[in-house]
Amino acid sequence: MALARKEAIQIWRDPRALLIILTMPILLMALLGYGVNLDQNHTPLCVFDREGNQQSQNLLKLFASNQYFETRQNLTSYEDLIDSLDAGRCTLGIVISNRFSKGLHEGRELGVQGVVDASNDNTANLITGYARQVIEGYSDSVQADYLRLHGITSGLEPVSFEVRTWFNDDLDSRNYVVPGVVAIVMAVIGTFLTSLTIARERERGTMEQLLAAPVSPLELICGKIVPFFVIGMIDALICIGLTIWWFGIPFRGDFALLLFATALFLMTVLLMGLLISTIAHNQFAASQFAVLLTFLPSYLLSGFVFPVDQMPRWLQIVSHTVPALYYVTALKGIFLKGVGLSVIGGQLAALTLCSLAFFFLTLYSFRRTLD
Amino acid sequence: MLLRIREMLLKEFVQILRDPRMRFMLVVPLIVQIFLYGYAANYDVNRVPLAILDLDHSQESRDLISRFEASRYFIVVADLTNPDQIVDVIDRSEVVLTIQILPGFAQKLHDRRTAPVEAVLDGTDSNTALIALGYVNEIGRKFALGYRDHYLSRVSPGLLVAMPSVALEQRPWFNTHLESQWFFVPGTIGLMMMLIVMTMTAFTIVREREIGTLEQIMVTPIRSYEFILGKSIPNFILALAQMAMIALIGILWFQVPFRGSLGVLLLGSVLYLLSVLAIGLLISTVSSTQQQALVTSFFIVLPASILSGFSFPISSMPTVLQGLTYLDPVRYYLVVVRGIFLKGIGLDILWPQMLAMALLGSILLTLSVVRFKSSLE
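First to last, the protein sequences are chains P and L. When we follow the working numbering, the leftmost residue of the first sequence carries the number 1, and every step to the right adds one. When we follow the working numbering, the leftmost residue of the second sequence carries the number 1001, and every step to the right adds one.
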């Protein structure tokens, strides 16, 4: 315990590091909570109506009144359309042919061109989806009018799909992403807190003193972990508090369970940091390991924004070695679905396993240093 | 002066490259990362897991189900037998979507009334849900139109022939196959390089300070800007080589098309590395311990990657944050790499981004030299 106090005093003496550690979650949550948004509203749209009569205008009105689109420009040539897309003034260009109304009248199958800037393929996918819905809606109403005109009044809509969306009614991407931010912040802060501690003692030459002192490796590990665990939990509470009360992300689960999962994850990342610290020769090497193992894996492989089940099989296996994956899954489950231990028990067991593994590896590597 | 810088460069290079562990660290993690993240960063939605509850057991309901089975966007993982199971499979995230065909489905179709199909969508992953919703509606519409046309062909085939229809002809530009990888691999390169360069540079000066070798260097006749140059040029050259390596992997392995000019890409990369290097240096000059440097650099790296437009479109951010993104070099570089790789655009369009990176880089470099000087006195 004396060791823990020494460590705590050391942290206390460096007010800037402490200030950063405590303000970082607030700033990060603010930036991430506001900056993270995958939704596409008001997509800039350019239209090139080569006909310009009643029918084509009716179709374009549907675009104008749609919340996903915002008509920016009415163009008069194909070249203008290319220019607008190249310069990024619009993301979607709708081209209506000059035989549009004639074709409708003659009962042809008509195509309306939708040119989309697909360099961001996700946005492009969503935008073409919305555009298709608008055009198909138009087509359906044209066909219904046509059939009614010819005396067919029933069975115009044989099937209707009633889709109910659970957990996230408006499909707001913020609800999906923000709980995961807690995991990223914790993964980075947690590992960073401990990753330099042992390496620093070694670099400054105080490691020998520490080893000569009558403490066992187990006590040493506890002494190093406890103060940071306290700081880490404060950070976690700040993050979770902001998520619930500031960003208003629905919280449907059990708070105690959330705390338990958080403590478990924090333990895992602190121990991972400590392990890095005992292996690395100096602080620089330790920091490089910590950077390598925390930020990008927990950003890209944890299911934070990129769904793991869409990855190739081999990569899914790799993802399961990233502790953040389990915590992100647990967070999203507890927050949005309100699931209990029966559903996320596996995740918690995996986290326990990870932290035990890190603990014994650290212990082993300490013992080796001693000899 | 040049001689002094050269001597220092030599010393730095030797220090970095003589250590076999360091040589390993410079190459291997980078390659592993580009392979992992090149595949991981992906918004494509295929094989959405689906469960089906068919309470009608009719020819028609099986026809509808077979359309979901045939779609490459869905994979039917469970056949449910009663409605209570829906909550369970969704809670456990075994499926994202359930389709429920109620009894009387076929009867309603025959009676020419609207037959409802109920679907439950797990909205937790809003992006996947949104795309899956689009596919559901598409399959449903095709089925409905197919059924209607089948009926029309029996009662009045003439009507069907002259029926107008309008469809979207989709023309995705720059990325015709809507490949997520094409979009993300160039971005991943930018992100990885920022991370590496910034954290490496952030340690340079503070490390010498903490070990106590900074004093030794300061009593030599080297000037502070020479010292900073000597510290950053090796990192810069190494980073440029690393970048070329992963860009090559992106082109050769991930088959990202390279449509622009190599010269413009080089210019953009040089300016980008310069600006992130400058941020790292500034961090190093304002930190007194390596721990501070590490924590501070992440204070910058995290927001910089979120605000860069790498995974979250800048146009969807609130105005204040959009303003902040202009301070983020990654933002400019992503426009440059994506533009050069996918669109093949040149300096005539990319000059504002280049200028912004150059400005950011030179301001920050000047700041760190000034700051370093004052910290010595």
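One or more of the hints may lead you astray.
[Stated by the list, open to error] Below 27 Å or equal to it, Euclidean Cα-Cα: the simulated DSSO-like pairs (lysine-lysine) are:
(1) L:K1011 <-> L:K1373
(2) L:K1108 <-> L:K1142
(3) L:K1373 <-> P:K61
(4) P:K61 <-> P:K102
(5) L:K1108 <-> P:K102
Calculated directly from the structure, the hints in this document are not laboratory data.
We went through each hint and held it up to the structure:
Distance check on the hinted pair: K1011 (chain L) and K1373 (chain L) sit about 22 Å apart at the alpha-carbon level, within 27 Å; holds. Restraint check for K1108 (chain L) and K1142 (chain L): satisfied, since their Cα atoms lie roughly 18 Å apart, inside the 27 Å limit. Only pairs whose Cα atoms come within 27 Å are accepted, and K1373 (chain L) paired with K61 (chain P) is rejected, the gap being roughly 63 Å. Distance check on the hinted pair: K61 (chain P) and K102 (chain P) sit about 19 Å apart at the alpha-carbon level, within 27 Å; holds.
Distance hint between K1108 (chain L) and K102 (chain P) is unfulfilled; the C-alpha atoms sit about 36 Å from each other, more than 27 Å.
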